[in-house]
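With the sequences and hints as input, model every part of the structure.
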Amino acid sequence: MTLMKTLLGAGAALALSAAGALAEPGLIIDLGGKFDKSFNESAYNGAQRWVEETGGDYLETELQSEAQREQNLRKMAERGANPIIVMGFANQSTLEKIAPDYPDTKFAIIDSVVDQPNVKSMLFSEQEGSYLVGVVAAMTTETDTVGFVGGMDVPLIRRFACGYAEGVKATNPDAKIISNMTGTTPTAWNDPVKGGELAKSQVSQGADVIYAAAGGTGVGVLQAAADEGVYSIGVDSNQNYLHPGSVLTSMVKRVDNAVYKLFSEGVEGFEPGLEVLDLESEGVGYAVDEHNEALITDEIKAAVEEAKAGIISGEIVPHDYYTDDSCPTLTF
Amino acid sequence: MAGTVTETQAGRPAESAAPAIELRGISKAFGPVQANKDISIRVMPGTIHGIIGENGAGKSTLMSILYGFYKADAGEIFINGEKTEIPDSQAAISAGIGMVFQHFKLVQNFSVLENVILGAEDGALLKPSKAKAREALKRLAAEYELQVDPDALIEEIGVGMQQRVEILKALYRQADILILDEPTGVLTPAEADHLFRILEGLKAQGKTIILITHKLREIMDVTDTVSVMRRGEMTATVQTSETDAEHLAELMVGRKVLLRVDKKPAAPGDTVLEIENLKVVDEDGVERLRGIDLHVRAGEILGIAGVAGNGQSEVLEVLGGITAAKGTVRINGQEIDLSGKSSDGQSRRARSIAHVPEDRQSLGLIMDFHAWENMIFGYHHDPAYQKNALLMDNAGIRAETQAKMERFDVRPPNPDLTARSFSGGNQQKIVCAREIERNPDLLLVGQPTRGVDIGAIEFIHNQIVGLRDQGKAVLLVSVELEEIMSLADRIAVMFDGRVMGERLPSETDERELGLLMAGITDTEAEHSVDEVAANLAKTQGKVG
Amino acid sequence: MNKLPKWVDVALIPFINLLLALIVSGLVILYIGESPFEAISIMVRGAVGSTYGWGYTLYYATNFIFTGLAVAVAFQARMFNIGGEGQAAIGSLGVALVCLAVPWPHWLIALPAAVIAGAIFGAAWAAIPAYLQAKRGSHIVITTIMFNFIASALLVYLLVNVMKPVGTMAPETGRFPPGTFLPDAYDMAGWVGLRFSRSAPLNITFFIAILCCVLVYLLIWRTRLGYQIRAFGQSESAAVYAGISPVRITMITMLISGGLAGLMGINAVMGEAERLVIDPVQGAGFVGIAVALMGRSHPAGVFLAGLLFGMLYQGGGELEFDIPAISREMILVIQALVILFTGAFDNMIRMPLERLFNRPGRGGGSPAKPMPPGEGTTHKPAVSEPEKS
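Chains as they are written, first to last, in numbering that gives the first Met the number 0: chain A, 0 to 331; chain B, 0 to 543; chain C, 0 to 388.
No lab work stands behind these hints, which were simulated from the structure alone. Since this is a predicted model, take the numbers as computed values, not measurements.
Pairwise CB distance ranges, derived in the manner of DEER restraints:
(1) Asp114/A / Ala100/C: 20 to 28 Å
(2) Asp324/A / Leu107/C: 36 to 44 Å
(3) Glu281/A / Val23/C: 50 to 58 Å
(4) Val213/C / His102/B: 39 to 47 Å
(5) Leu273/A / Pro102/C: 24 to 32 Å
(6) Val213/C / Glu334/B: 41 to 49 Å
(7) Val140/C / Asp100/A: 41 to 49 Å
(8) Leu153/C / Asp114/A: 30 to 38 Å
Pairs of lysine-lysine, DSSO-like flavour, derived with a Cα cap of 30 Å:
(9) Lys202/B / Lys129/B
(10) Lys137/B / Lys202/B
(11) Lys33/A / Lys199/A
(12) Lys202/B / Lys82/B
(13) Lys307/A / Lys260/A
(14) Lys168/A / Lys307/A
(15) Lys96/A / Lys33/A
(16) Lys104/B / Lys70/B
(17) Lys33/A / Lys163/C
(18) Lys175/A / Lys199/A
(19) Lys202/B / Lys131/B
(20) Lys175/A / Lys300/A
(21) Lys36/B / Lys70/B
(22) Lys278/B / Lys134/C
(23) Lys70/B / Lys5/C
(24) Lys5/C / Lys386/B
(25) Lys202/B / Lys104/B
(26) Lys134/C / Lys325/B
(27) Lys96/A / Lys163/C
(28) Lys168/A / Lys199/A
(29) Lys163/C / Lys193/A
Where a beta carbon is used, it is the ideal one built from N, C-alpha and C, also for glycine.
Here's what the structure looks like:
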């Protein structure tokens, strides 16, 4: 049936390749590009890990604009890629519309929930990871002022900001948190210049640790922090290596693990529904490596590990912005 | 041409031996159209040689070939007996040819001196060139009566002066042969006379002059020999002293031409148009009309004479609904709105005013529209042209256009050609057909025969007179005194936005009108012609 | 002056232009180490090799026809409407508002309402630059470009702050109700018993675009208004002479132009996305300029050029997908080459062809006499007797 429909729909030439590539997974890199050193790159790295380990092939395409979402997703499905991973909440409505057209194709969406029988939704507990880097920030700051630069002003990013603020306040109740969003449209994910400007402005207001949760924009934030001689915190991927000595740590969101897992499980192991990747399942965390170990003192490390244990055990519950669309410790 | 020319290699031959210019078998085609067909001509040194022909006869093409703008398809050019290739204008200049174009090629905000040296500078620094040019200008001015102020800006001097600058430019570049293309088109009679004196002076100094014109009078006045062109061919070359205007006109047109309008005396009726205290101020705040009073009666042609730019155009534009004005205008006793809403052209037509504008190419016609589209231009709101409520009756308009074109002898009578593809005379006939066939109470006509060939002039004049004879009023504006004299039943002369006076053609002459055109009323008519010219140049610099 | 046979003008020259553009594109593809023949074959197959390809090609073509017509109509009045992008965006907004505001029972009722809304919104967006041009002389090119930015900012504001449903993160409206879903190619093919790809976004709007081509043709060449628009475009001074109001014509023409651009929203928003996203136009407004240019501002030409650009877009997308070495930018280069050759280099082809077709012995020239420069403008009559002063 699938083959029949594909034949009719896409024509003989395409159908041949579709048949040959029937079990190839597909990945649609979102706006910002696969080398954004953050969200997309994390996914790309997961796919590459899968390629290296299994020698398999997968279909990949990069979005260049908002309106390509539908065509690119359809194209993937028409080519017979399965399962197909789309990155980011912006694909939610597109996937809701398209998934029913391809009932035999499995889809996975990261950072958003699509309730369809052939869609798997993967959420990360960003507030938990952000809480941990908030603790690090609060213990590092000497000015009692920390900054947050978000990408696009959406609940997801507020969730990052709120978790961060919770961690900061829990560690240092006197600390001040300056929060800025880069924009209200998807271009905010890829505007390093503006990110840098926001970071500089926060530095001039006294911030000496700045957490960037802004995709490709964050690169500019980290650069500005390094230029200004203050600390920064990376996001999604481990960004410690970008400016060793300046990047305090990174709130890693293991999108790479998620992609790797989905690719490995393939169609057979695919389970539709919602999966939340949290601190406990190591879906989120903070990164310590050779680039930042000098910055993370034993004292900090102990505090963070304590918080981590507390969250996993349920003693500490960082506020989740999704639950009530508000944040007790931070106003936007 | 029978005589063969001995080609001498060493230097220039004796002046009497070789012609200054000899063209042999020049042909040039633009696409399928043969602009010049096997043209041969000899111009002897130290003479003024006229080339005359209707529009499109190929005069300008021939001169453009000589000046290196076009490359001839066939034929040879000899300068002073030497075979010369002229691939571009630089080559023409170094061959000693200078050209004064119909439309001057001067930089408006440069001084006379700067314009003269433009393109002929000696080096990167201007100062030495300027000093040299200043000396040269002084010398040339003395030799040829070509006085100009070297430091005046072009935009501040009159057209006559500008023309002198063009001539100076050519002379400064050592031109021995001077080509003038329609040089009197922009000049007043007095200025033209002055130009001809300059040309005589140049001739006396041994320069060779080619004068391109289609004004028979100029040919008869100043040339030694004249060549006639018709449809790309050289039909005759004759000694001017051995011919007359009628004969030349016949050679140009290819048939006998009546040079005088044959009309009955006017029988004026009721007043159709009354103008009282009409004033126009332009965008720059300059007063173009300073309160004029005129009236035209049915069955009468009122001619407005004047040098271009003295307000005649504004009179037409106000009446045609193009320009806003203050004052009172009544048509058949009813006042019309002069406030100048942009769509007033429609209301004027509704009041039975038809308008043959002065500039048919930028006002009267859409050059890239077909003849049938142009034939309803301005009258496109007429319900007769609609097939139904939405669509126009294109087929019907075509048919009507065809009929009008035939009645007005438009050649070719093909409604599907664009206006651009007709000759000037035929374009004008299309405009006249459109406006006159509407049988208006008042016909406004501006420069009806500008750029129109002799054959068509005769026809258009007859149509205007014909409308008058049907008892309609005609307001005629022309800068051609002869045209005014022969067409108008009454003549008003305008100068500087005012009516200087009205005359009857039978009771005046060109001299009196010329003085009025220069702003000099009868009482002060004892001025020399030169002063008049100077006066004119000044005002033209201001208004034109 | 020199005229070419019509078939050369409308068919041969564009074809040669296209061929040249493809040859140069091929060289560029060769340079980056890919096979141009494979690339071309992927493009062609991707664009027209399946009903899926056709579906996308014609979907894009529909967008380009609307924006191309918008530019073409304005250009008949010699106004360069660069604002198709913004007018289409605001038109899309109008379409979305209509689709969301009323619980439409059936698309047959929703469609006319959306058409009216899209046209009015697009026209309104063009009206402001038109008014500034007509009354204040602000250059329409500048103002329409500016209005593209304003439109985009306005759309962002509305989507982020007003129209975004509660609980969603993406700046887009909720999905339109099913009563507004237009029949797509799959449905329409089904009516006549044919099979068409279910995935292609081609929808009934395509026929609206064709209808608009016909209407624009009738408007421009068969109605009095079109006559006035063309006259005004050819010569403003002559239009004033004929009593055609420049203000009125500027306004009306731009309203029509903006309305046509706004109709693009029907296709992109109502037909395809079924919701309003942040940039529904996707550069089609600018492609429309190239389409109008290539189509010589004639509806038939716009239709064909729109089709061509639809193929380039769809084929280019497939190419990008299939040969990763050919990036999005390469596709743009190919599209730009087509524009360059068909628009800017047109005369390069035209002149030699004119020479070829106007060789002596070949007919087809205009019967006009030549008008060498200078002749025929300010000549004066020579009615006079010889008179010596």
